[in-house]
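Number of protein chains: 4
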Amino acid sequence: MSESMHTDLALEAREALLNASPGEADGILFEEERVGSFHTLVSTVRVLTPAGEQAVGKPRGTYITLENPLLRQNVLDAHEEISSLLSETLARLFPLKKKDRVLIVGLGNEDVTADALGPLCVSGLLVTRHLSGILPQELEGRLRSVCALAPGVMGQTGIETLEIIQGIQQKIRSDAIILIDALAAGNTRRINATIQLTDTGVCPGSGIGNRRQTLSPKTLGVPVAAIGIPTVVDARTIILEAVPEASRESLSAIDSLYVTPKDMDAVAKRLARILADGLNRYLHDLSSEEFRSYLY
Amino acid sequence: MSESMHTDLALEAREALLNASPGEADGILFEEERVGSFHTLVSTVRVLTPAGEQAVGKPRGTYITLENPLLRQNVLDAHEEISSLLSETLARLFPLKKKDRVLIVGLGNEDVTADALGPLCVSGLLVTRHLSGILPQELEGRLRSVCALAPGVMGQTGIETLEIIQGIQQKIRSDAIILIDALAAGNTRRINATIQLTDTGVCPGSGIGNRRQTLSPKTLGVPVAAIGIPTVVDARTIILEAVPEASRESLSAIDSLYVTPKDMDAVAKRLARILADGLNRYLHDLSSEEFRSYLY
Amino acid sequence: MSESMHTDLALEAREALLNASPGEADGILFEEERVGSFHTLVSTVRVLTPAGEQAVGKPRGTYITLENPLLRQNVLDAHEEISSLLSETLARLFPLKKKDRVLIVGLGNEDVTADALGPLCVSGLLVTRHLSGILPQELEGRLRSVCALAPGVMGQTGIETLEIIQGIQQKIRSDAIILIDALAAGNTRRINATIQLTDTGVCPGSGIGNRRQTLSPKTLGVPVAAIGIPTVVDARTIILEAVPEASRESLSAIDSLYVTPKDMDAVAKRLARILADGLNRYLHDLSSEEFRSYLY
Amino acid sequence: MSESMHTDLALEAREALLNASPGEADGILFEEERVGSFHTLVSTVRVLTPAGEQAVGKPRGTYITLENPLLRQNVLDAHEEISSLLSETLARLFPLKKKDRVLIVGLGNEDVTADALGPLCVSGLLVTRHLSGILPQELEGRLRSVCALAPGVMGQTGIETLEIIQGIQQKIRSDAIILIDALAAGNTRRINATIQLTDTGVCPGSGIGNRRQTLSPKTLGVPVAAIGIPTVVDARTIILEAVPEASRESLSAIDSLYVTPKDMDAVAKRLARILADGLNRYLHDLSSEEFRSYLY
Chain A
34 MSESMHTDLA LEAREALLNA SPGEADGILF EEERVGSFHT LVSTVRVLTP
84 AGEQAVGKPR GTYITLENPL LRQNVLDAHE EISSLLSETL ARLFPLKKKD
134 RVLIVGLGNE DVTADALGPL CVSGLLVTRH LSGILPQELE GRLRSVCALA
184 PGVMGQTGIE TLEIIQGIQQ KIRSDAIILI DALAAGNTRR INATIQLTDT
234 GVCPGSGIGN RRQTLSPKTL GVPVAAIGIP TVVDARTIIL EAVPEASRES
284 LSAIDSLYVT PKDMDAVAKR LARILADGLN RYLHDLSSEE FRSYLY
Chain B
34 MSESMHTDLA LEAREALLNA SPGEADGILF EEERVGSFHT LVSTVRVLTP
84 AGEQAVGKPR GTYITLENPL LRQNVLDAHE EISSLLSETL ARLFPLKKKD
134 RVLIVGLGNE DVTADALGPL CVSGLLVTRH LSGILPQELE GRLRSVCALA
184 PGVMGQTGIE TLEIIQGIQQ KIRSDAIILI DALAAGNTRR INATIQLTDT
234 GVCPGSGIGN RRQTLSPKTL GVPVAAIGIP TVVDARTIIL EAVPEASRES
284 LSAIDSLYVT PKDMDAVAKR LARILADGLN RYLHDLSSEE FRSYLY
Chain C
34 MSESMHTDLA LEAREALLNA SPGEADGILF EEERVGSFHT LVSTVRVLTP
84 AGEQAVGKPR GTYITLENPL LRQNVLDAHE EISSLLSETL ARLFPLKKKD
134 RVLIVGLGNE DVTADALGPL CVSGLLVTRH LSGILPQELE GRLRSVCALA
184 PGVMGQTGIE TLEIIQGIQQ KIRSDAIILI DALAAGNTRR INATIQLTDT
234 GVCPGSGIGN RRQTLSPKTL GVPVAAIGIP TVVDARTIIL EAVPEASRES
284 LSAIDSLYVT PKDMDAVAKR LARILADGLN RYLHDLSSEE FRSYLY
Chain D
34 MSESMHTDLA LEAREALLNA SPGEADGILF EEERVGSFHT LVSTVRVLTP
84 AGEQAVGKPR GTYITLENPL LRQNVLDAHE EISSLLSETL ARLFPLKKKD
134 RVLIVGLGNE DVTADALGPL CVSGLLVTRH LSGILPQELE GRLRSVCALA
184 PGVMGQTGIE TLEIIQGIQQ KIRSDAIILI DALAAGNTRR INATIQLTDT
234 GVCPGSGIGN RRQTLSPKTL GVPVAAIGIP TVVDARTIIL EAVPEASRES
284 LSAIDSLYVT PKDMDAVAKR LARILADGLN RYLHDLSSEE FRSYLY
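Chains as they are written, first to last, in the numbering used here: chain A, 34 to 329; chain B, 34 to 329; chain C, 34 to 329; chain D, 34 to 329.
Rather than coming from a laboratory, the hints here were simulated on the basis of the structure.
Each residue gets a CB set at the ideal place from its N, CA and C atoms; glycine is no exception.
A few of these clues could be false.
Just so you have them, the derived chain D footprint on chain A, three or more residues with Cβ under 8 Å [what the hints assert, rightly or not]:
hint, segment
1, 84–91
2, 289–297
For each label pair, taking beta carbons as the anchor points, the in silico distance ranges come out as [as the list claims (entries may be wrong)]:
hint, chain 1, residue 1, chain 2, residue 2, range
3, B, Leu51, C, Thr252, 51 to 59 Å
4, C, Ser289, A, Ser70, 50 to 58 Å
5, A, Glu322, B, Ile167, 47 to 55 Å
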């Protein structure tokens with residue numbers, strides 16, 4: 034991958050590889066298709082071998098990307114279709130058994146608009162773990178045991194997010210963990226227009242902060258999925274794309290800047306709701322009407 | 034304690050006892066004094082025996098209350114004096130050793146104004162645990178290792194708060210835990226005008242929700258202090274105070290109502306800052322100017 | 034009306050009259066009916082004469098109240114029916130001509146949860162006045178010219194709300210003005226469960242602050258409707274209801290307290306959306322789907 | 034001024050001129066000096082003639098810029114010095130008579146972080162117009178008559194901001210109007226590090242939205258000052274700076290993107306407080322302690 038670009042999307046890391054040397058790299062499989070009446074582009078990057086990991090700079094696993102520029106506009110029908118597609122794609126990538134109990138973690142800092150996706154999404158989930166045994170008859174068997182947390186970032190807590198999740202997981206013994214995070218893209222076209230799903234883990238803060246200890250199946254002891262949407266591009270990245278010969282020095286001044294859309298505050302809330310809708314459908318077996326009356 | 038009153042303040046539980054039968058109950062010690070230029074009333078209730086626990090309905094331990102109606106007004110000088118008094122009182126009630134590492138937990142739901150005190154306070158703390166080894170020379174030895182969390186309430190997470198704290202504590206092994214919570218008073222005069230400090234634990238949600246598993250030295254394995262401010266009175270409580278003969282039925286309609294001041298939103302932010310100031314001074318050894326430039 | 038009760042609802046003022054002396058007062062007409070599959074109680078109080086004004090303590094005009102306890106629960110179907118009913122009732126009470134341009138004013142202080150209904154509602158309106166001439170063909174003729182403002186309260190601006198609205202109205206010459214405000218009820222049962230519509234004006238701040246200059250057809254020069262929902266009961270009011278003999282002195286301590294539900298923060302957002310939905314349908318001629326894609 | 038750059042700062046417009054052709058343009062005067070213990074750079078651009086207006090693309094008047102990178106860090110002492118400098122500079126640029134009544138308008142959309150500076154600043158002002166006649170003796174004569182408004186942007190209200198301010202001004206007849214707004218810079222180095230004061234007007238939305246009708250002494254009928262801080266750089270601008278030959282087409286994709294700092298949410302609150310502090314000192318004659326107890 035080119036030095037000049039920082040991206041959390043496996044899709045973009047592969048594109049950069051192809052730009053540098055044509056032909057799919059060893060250990061990488063790729064396929065894409067258009068899906069649904071809003072023509073969402075579904076791309077799958079499979080990283081299969083250590084050589085593939087090395088080439089693409091991401092751990093072995095499957096990375097599915099749903100791309101649709103309508104995600105950043107206020108087009109409700111498209112959002113419903115994409116929520117639905119998200120739910121089906123998750124079910125394929127990260128199938129759950131009926132009795133599996135799931136912990137959802139919203140990563141990021143809710144006080145920073147471009148980093149608030151995880152916490153915002155968590156507040157739209159149908160959380161049920163504490164209702165076990167007290168649910169009405171007709172809901173038993175249709176609601177999965179789900180719990181959720183938005184622990185904040187290390188600058189707020191003083192604790193590595195990995196430690197927080199490991200501690201809680203040791204206590205509650207979920208069968209699977211799903212992480213939600215805001216990501217950084219390498220191309221402005223993908224900001225707020227792309228959902229990446231993966232069955233590997235995530236590095237909290239890799240989007241707009243410093244890298245922290247990885248949250249992964251290995252460090253957490255159970256299957257881990259991650260769902261992310263790029264909300265920013267590093268300002269360095271877009272300049273380096275345009276002028277690859279720009280010197281490191283001239284870029285140091287813009288080290289803490291990023292590129293983000295004018296309407297990010299409103300879009301973040303909508304994207305969080307799209308993710309929460311998709312997750313709720315994936316986790317529970319309720320009709321839209323039922324969801325609407327349990328959630329707002 | 035009278036059936037009619039719900040209060041989280043040991044001070045009020047003792048007052049109710051005295052009203053019912055004059056003379057200090059067995060196993061209870063009480064003293065009070067006025068302190069400082071703003072005449073804050075400092076009361077101490079000591080619950081010493083099982084008989085005392087039974088009488089006052091609170092576990093054995095020391096309950097110190099700082100009362101000052103200026104707490105709910107915008108009087109900065111008084112607030113600085115009370116922050117200072119809070120810091121000193123904490124140092125007396127809950128002395129820390131120099132190397133003790135402390136976890137602060139802000140209990141409550143930040144999306145509910147009258148329950149947001151804990152989360153708001155946590156966001157004003159000087160958190161340092163993650164800076165160990167990378168602090169400037171002149172700060173080493175003056176900043177204690179502090180971490181902090183606002184996990185949300187069980188309705189948001191699906192997890193008992195006790196489980197969350199136990200899990201994290203097992204991982205990070207703090208030497209002491211301090212809990213911050215919004216409380217319920219039995220008397221409207223004490224709303225937003227009273228800070229209770231105790232070396233026993235706390236029952237999350239006892240203020241305005243349902244009682245949950247107790248967070249205490251026993252359940253958490255290390256010394257636990259709790260700091261709370263009553264922000265509400267149950268509507269039932271103020272009616273029952275006025276009309277002790279009011280029937281249970283006539284009260285069921287107002288079961289989910291509480292009495293709160295008109296300016297609660299603004300007062301909650303100020304109170305959270307007073308608590309955070311007091312805690313920061315108690316935990317760290319910095320001048321006011323230094324705190325101001327590390328926090329806002 | 035009894036001295037002991039403060040209410041902004043004509044319905045309750047009339048009830049208090051009836052309690053004091055049976056039989057409808059002179060100059061007052063009353064009727065009520067249950068409507069719809071959720072059995073919303075629609076009551077109409079008509080104040081017809083100066084004697085009626087005197088008796089009920091409200092200016093001449095029509096006061097329609099939609100009452101349904103489901104308003105404060107999260108029951109989406111009921112909310113849709115009530116939005117619809119609101120839209121129809123407004124069309125009957127305050128009919129607009131096709132070309133009428135309307136100014137909507139959200140009264141109250143958005144930083145105080147129980148007073149934020151007006152500003153919250155305004156942010157959910159489909160505002161169109163600035164789009165005149167640049168709308169797509171298919172929307173011309175179906176969207177009314179609507180503008181909206183949430184000017185804040187006098188403590189924030191230093192300006193009487195009446196002066197602000199008069200100044201703007203002189204400039205933009207709307208054909209009608211609709212005011213949205215949070216109200217105070219006399220009975221806890223009506224908190225968040227009642228929508229009052231009237232073709233008279235409103236006194237900003239009569240709910241939870243001090244009375245200000247009246248916003249009315251007379252002071253604003255065009256027809257004025259007002260829509261309000263009681264979000265609080267004065268704490269004095271509920272005590273005086275229970276113990277009419279309570280002394281004024283014993284009540285002075287609780288003068289700045291009010292009674293409000295535990296989940297007010299969440300309910301306020303839902304109620305604002307119900308009002309905004311009803312207003313949007315009343316003002317514009319769009320299908321639900323179209324509204325959904327123009328608003329979120 | 035170069036086609037490639039969009040800036041709201043007269044200082045940057047002049048720099049661009051100098052880059053294009055050395056030597057001060059006709060009708061422009063410039064001077065700069067370092068001030069205070071934090072070495073704030075105070076630059077003054079005077080636009081004196083129609084030729085100057087044409088050259089610099091800004092209306093005739095004086096543009097004073099206070100530049101200090103410490104503005105975007107959390108350095109309280111520097112912020113106090115800059116607030117003080119702001120107050121003195123305003124007094125020099127826009128002197129008020131003792132009896133002058135002032136309207137402050139916070140422009141921008143408080144729901145968009147990078148555009149919220151005006152509304153945030155307004156909420157920190159000491160507003161007094163409504164207290165005339167009811168102030169304590171010792172404050173009379175030391176508090177100026179100040180009112181304030183944050184009307185929102187045209188997309189929220191449907192009304193041109195100019196119309197709103199003209200309407201209110203016609204009603205309340207202030208002697209002077211001061212506008213607060215978030216600006217766009219042409220250079221990332223100036224984001225959140227620069228305060229521009231001018232005695233001409235402002236074009237709402239020129240920073241991150243579409244240009245609206247100008248708020249100026251001419252359109253408002255009284256002296257008008259404007260205070261702004263650049264919070265963003267157009268993404269187009271930073272790319273065009275780096276690659277002047279970039280084609281218009283390649284830039285259209287990033288048309289609605291801007292560059293902003295990672296910690297914008299927190300910085301915006303601090304900057305708003307610095308502006309509000311400076312304005313309060315300029316408007317009223319109170320000590321710091323008095324301000325602290327009237328404001329928070």
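Here's how the hints hold up against the structure:
1. 84–91: It is violated: at least three residues are needed, and the segment 84–91 of chain A offers just 0 whose Cβ sits closer than 8 Å to chain D.
2. 289–297: holds (count 9)
3. B:Leu51 with C:Thr252: 51 to 59 Å: holds, 56 Å
4. C:Ser289 with A:Ser70: 50 to 58 Å: Hint holds: Cβ distance 56 Å, inside 50 to 58 Å.
5. A:Glu322 with B:Ile167: 47 to 55 Å: holds, 53 Å
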